[in-house]
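Protein chains: 2
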Amino acid sequence: MTFNYANAVPTSTTNATEAILKAAADPEVISFAGGLPAPELFPVAAVKRATDRVFAQDGEQVLQYAGTLGYPKLQEQIAHLMRGRKVKATAENIGIATGSQQAIDLVARMLINPGDVVLVEDPTYLAALDVFRAAGAQVVGVAMDDDGMRMDDLQQKLTAHPAAKFIYTIPNFQNPTGRTMTAARRQQLVKLADQFGVPIVEDDPYGAIRYAGTTVPPIKHYDRTGSVVSISSFSKMLAPGLRIGWITADPAFLQKYTFLKQNADLHTDNLTQYIIAQFLTDEDLPAHVHRITAVYEQRAKLMLAEIDRHFPADVYHSQPEGGMFIWVQVPGELDSDELAQRCLEKNVAVVPGSAFYAGKAQPGTFRLNFSNMNDDQIKTGIQRIGKVLKELGVQ
Amino acid sequence: MTFNYANAVPTSTTNATEAILKAAADPEVISFAGGLPAPELFPVAAVKRATDRVFAQDGEQVLQYAGTLGYPKLQEQIAHLMRGRKVKATAENIGIATGSQQAIDLVARMLINPGDVVLVEDPTYLAALDVFRAAGAQVVGVAMDDDGMRMDDLQQKLTAHPAAKFIYTIPNFQNPTGRTMTAARRQQLVKLADQFGVPIVEDDPYGAIRYAGTTVPPIKHYDRTGSVVSISSFSKMLAPGLRIGWITADPAFLQKYTFLKQNADLHTDNLTQYIIAQFLTDEDLPAHVHRITAVYEQRAKLMLAEIDRHFPADVYHSQPEGGMFIWVQVPGELDSDELAQRCLEKNVAVVPGSAFYAGKAQPGTFRLNFSNMNDDQIKTGIQRIGKVLKELGVQ
Chain A
1 MTFNYANAVP
11 TSTTNATEAI
21 LKAAADPEVI
31 SFAGGLPAPE
41 LFPVAAVKRA
51 TDRVFAQDGE
61 QVLQYAGTLG
71 YPKLQEQIAH
81 LMRGRKVKAT
91 AENIGIATGS
101 QQAIDLVARM
111 LINPGDVVLV
121 EDPTYLAALD
131 VFRAAGAQVV
141 GVAMDDDGMR
151 MDDLQQKLTA
161 HPAAKFIYTI
171 PNFQNPTGRT
181 MTAARRQQLV
191 KLADQFGVPI
201 VEDDPYGAIR
211 YAGTTVPPIK
221 HYDRTGSVVS
231 ISSFSKMLAP
241 GLRIGWITAD
251 PAFLQKYTFL
261 KQNADLHTDN
271 LTQYIIAQFL
281 TDEDLPAHVH
291 RITAVYEQRA
301 KLMLAEIDRH
311 FPADVYHSQP
321 EGGMFIWVQV
331 PGELDSDELA
341 QRCLEKNVAV
351 VPGSAFYAGK
361 AQPGTFRLNF
371 SNMNDDQIKT
381 GIQRIGKVLK
391 ELGVQ
Chain B
1 MTFNYANAVP
11 TSTTNATEAI
21 LKAAADPEVI
31 SFAGGLPAPE
41 LFPVAAVKRA
51 TDRVFAQDGE
61 QVLQYAGTLG
71 YPKLQEQIAH
81 LMRGRKVKAT
91 AENIGIATGS
101 QQAIDLVARM
111 LINPGDVVLV
121 EDPTYLAALD
131 VFRAAGAQVV
141 GVAMDDDGMR
151 MDDLQQKLTA
161 HPAAKFIYTI
171 PNFQNPTGRT
181 MTAARRQQLV
191 KLADQFGVPI
201 VEDDPYGAIR
211 YAGTTVPPIK
221 HYDRTGSVVS
231 ISSFSKMLAP
241 GLRIGWITAD
251 PAFLQKYTFL
261 KQNADLHTDN
271 LTQYIIAQFL
281 TDEDLPAHVH
291 RITAVYEQRA
301 KLMLAEIDRH
311 FPADVYHSQP
321 EGGMFIWVQV
331 PGELDSDELA
341 QRCLEKNVAV
351 VPGSAFYAGK
361 AQPGTFRLNF
371 SNMNDDQIKT
381 GIQRIGKVLK
391 ELGVQ
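These protein sequence lines map, in sequence, to chains A and B. Numbering of the first sequence is given in the UniProt record's numbering, commencing with residue 1 and proceeding in unit increments. Numbering of the second sequence is given in the UniProt record's numbering, commencing with residue 1 and proceeding in unit increments.
Don't read these hints as lab results, they were simulated from the structure. Computed from a predicted structure; not experimentally measured. A couple of the hints might just be wrong.
Since the list can't tell identical chains apart, any single copy or any two copies may satisfy a pair.
[Said to hold, decoys possible] When the alpha-carbon atoms are kept at most 30 Å apart in a straight line, the in silico DSS-like pairs for lysine-lysine are as follows:
| id | residue 1 | residue 2 |
| --- | --- | --- |
| 1 | Lys-88 | Lys-22 |
| 2 | Lys-73 | Lys-48 |
| 3 | Lys-346 | Lys-360 |
| 4 | Lys-22 | Lys-73 |
| 5 | Lys-387 | Lys-86 |
| 6 | Lys-379 | Lys-73 |
| 7 | Lys-360 | Lys-86 |
| 8 | Lys-22 | Lys-390 |
| 9 | Lys-360 | Lys-191 |
Based on the sequences and whatever the hints tell you, model everything.
Here you go:
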């Protein structure tokens with residue numbers, strides 16, 4: 001039978017992310033393509049200790065159905081964590097999601113009707129673009145610079161699309177650019193959004209992984225009208241295989257969220273919620289984050305030094321203060337897909353910039369991940385990319 | 001800020017399921033309302049053993065991101081399980097979901113555009129109705145009798161709605177009625193569906209929990225054209241707190257499923273997938289299912305005996321051969337919400353029939369769950385409902 005798929009299903013049978021990750025799985029390939037944490041830093045023993053305690057204390061309960069919005073103790077703990085980030089929150093403001101990806105998907109489905117406009121940083125997170133497009137949104141890109149989303153361009157886009165459904169932003173160590181939005185811009189953003197009556201969806205999976213500069217409060221910190229829905233996750237701080245993310249929002253918004261969350265999967269895995277709650281109770285998450293941040297800092301600095309050494313002089317790269325990504329832009333009109341393909345032929349995987357744009361892609365761009373490869377791989381991989389760039393005649 | 005929600009979000013602020021379950025959580029209340037397994041039967045020690053082995057063998061790997069369609073070993077094991085149910089399947093036919101609820105949601109989103117018709121048994125699973133309606137479907141009920149969905153009515157409804165997007169059915173121990181579709185009807189169903197070119201979505205969470213009668217092959221067993229997408233889950237066989245369900249379908253369908261699954265949560269919790277795979281390797285799932293089935297049989301028989309003893313003579317009830325539910329229909333025009341409310345006043349929770357209908361609700365109906373309460377609670381609870389029915393003048 002030939003199925004008559006809904007509009008949410010793309011007609012293309014290829015999936016950019018999957019294709020890149022498949023090629024990158026080849027052990028011969030040095031992969032800067034994924035967005036994976038360093039597995040050797042996972043606190044396996046500590047997670048195991050937490051798991052043992054969960055089974056000893058609540059074995060029956062964790063195997064049973066549970067509440068849709070999440071394990072109340074974990075909601076409390078996350079509210080505490082958000083207060084540590086200067087966000088006013090109690091357990092009533094927290095809804096658990098099966099990873100922050102689910103939070104993005106559910107919030108998008110809560111707000112987007114087919115044809116609605118969504119504003120995003122250009123470039124932005126690939127799987128958020130997929131979600132918004134599957135929901136039928138017209139995704140409109142807002143220009144960025146090294147200080148994050150440009151407020152002049154946002155104002156223009158809001159003026160052109162006053163009925164935009166929301167502004168989606170990754171303010172810290174943005175995916176794919178690694179850039180951070182300044183505190184001044186965050187305040188302007190909230191002001192502009194309120195002025196136009198357009199909500200903000202803040203996606204902050206990386207904020208805790210800062211190794212340089214000064215922490216900037218989340219956009220939600222500046223929210224006075226409940227217009228900011230803030231999404232975060234344990235994937236980068238702790239472990240992405242445990243699919244636990246959350247949204248921070250007003251209780252009225254969470255009531256609606258509950259309905260879609262129930263439809264989506266009734267509730268997030270209960271055992272995993274208990275394991276994370278127990279980890280937060282007994283183990284030292286800040287110390288763990290400190291440990292991985294130190295390693296990522298060292299890898300980022302090495303990658304930046306190798307870029308400066310091996311890439312032609314006129315190549316731009318971003319200067320991340322945390323997170324996992326560096327953004328590269330080669331002068332000229334080089335097709336980014338072809339560039340990525342040429343790198344792959346030399347056994348280095350990068351994600352071509354084309355994947356991340358809502359509008360017209362900037363040629364010659366690609367994303368580098370530095371968290372998942374060791375020093376030797378970083379040195380060899382960047383050297384190989386440098387060679388490709390020179391072969392392509394980049395100055 | 002007042003959010004401008006999408007059409008997927010219902011305007012009503014009340015949520016029937018949540019409200020019932022909230023009331024039923026009162027320890028004073030005997031609850032036949034939920035659909036919860038008996039927690040005292042969860043194989044906590046065996047799940048713990050499996051978990052210990054997972055951490056010992058694959059500690060780093062289970063904490064990392066993983067493939068969207070699922071842990072390959074678990075896909076293999078589920079294919080084996082499906083072959084045991086007389087369904088031709090290899091790992092390539094299996095896609096993991098975060099519980100079968102997610103499979104229902106994703107399959108619905110893959111097929112439904114706003115305005116599309118979906119055919120369902122009337123009554124049917126509440127949270128499937130919610131999903132289909134949130135996707136914008138016009139849900140059309142097909143009449144049932146004690147042998148499941150009526151094929152004469154299905155033919156009429158297919159003739160009236162030849163562009164229907166799919167037929168949704170729960171063939172075994174249906175929720176809410178406890179009824180099972182006969183083998184003859186399953187064959188007719190597949191034939192009719194192929195004739196009209198309408199796919200079938202088979203939802204089978206309860207099939208393994210059979211304590212009487214003869215096992216009927218899944219509808220997928222009769223599929224010759226790839227028109228049946230079959231959904232199942234470990235929630236009833238093992239533990240719903242571990243959110244693992246799956247779909248069985250053609251690889252071409254799964255390729256599209258992968259796209260929506262990636263948008264929805266990237267992949268299902270990795271630790272939990274490994275735990276279930278390890279459980280299936282080392283522990284005896286059939287023996288465990290046999291053990292819980294024996295207890296459910298005893299509870300079902302007790303509840304049926306107490307119904308016969310305490311309910312007025314003209315009250316209909318279904319005769320489940322497995323699963324978790326008995327369906328009750330009181331003669332006359334008694335409003336089912338009022339009936340459930342009167343029961344709750346006597347500290348017994350049931351789900352009013354009104355919640356389960358796509359079309360006009362049959363008055364005087366309600367669903368009883370027998371898996372989650374002990375013998376004393378079953379005796380006391382049914383006696384109380386009997387009293388309510390007599391007070392309401394039911395003969």
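Against the structure, the hints come out as follows:
Taking the closest pair of Cα atoms, Lys-88 and Lys-22 come within 30 Å of each other only across two copies (27 Å); inside a single copy the shortest separation is 42 Å, beyond that limit. In the homo-oligomer, the alpha carbons of Lys-73 and Lys-48 lie at most 30 Å apart both inside one protomer (19 Å) and across protomers (22 Å), since each shortest distance falls under that limit. Taking the shortest Cα distances, Lys-346 and Lys-360 sit within 30 Å of each other inside one copy (27 Å), while across copies they are farther apart (65 Å). When the C-alpha separation of Lys-22 and Lys-73 is checked against a cutoff of 30 Å, the pair qualifies only between copies, where the shortest distance is 18 Å, while the shortest distance within a copy is 38 Å.
In this assembly of identical chains, Lys-387 and Lys-86 lie within 30 Å of each other by CA distance neither inside one copy nor across copies; the values are 45 Å within and 56 Å between. When the C-alpha separation of Lys-379 and Lys-73 is checked against a cutoff of 30 Å, the pair qualifies neither within a copy, at 44 Å, nor between copies, at 35 Å. Taking CA atoms no more than 30 Å apart as the test, Lys-360 paired with Lys-86 passes in neither setting, with 37 Å inside one copy and 51 Å between copies. In this assembly of identical chains, Lys-22 and Lys-390 lie within 30 Å of each other by CA distance solely inside one copy; the values are 27 Å within and 66 Å between copies.
In the homo-oligomer, the alpha carbons of Lys-360 and Lys-191 lie at most 30 Å apart inside one protomer (28 Å), although the nearest pairing across protomers, at 49 Å, exceeds that limit.
Comparing the model with each earlier hint shows violations of hints 5, 6 and 7; every other hint is respected.
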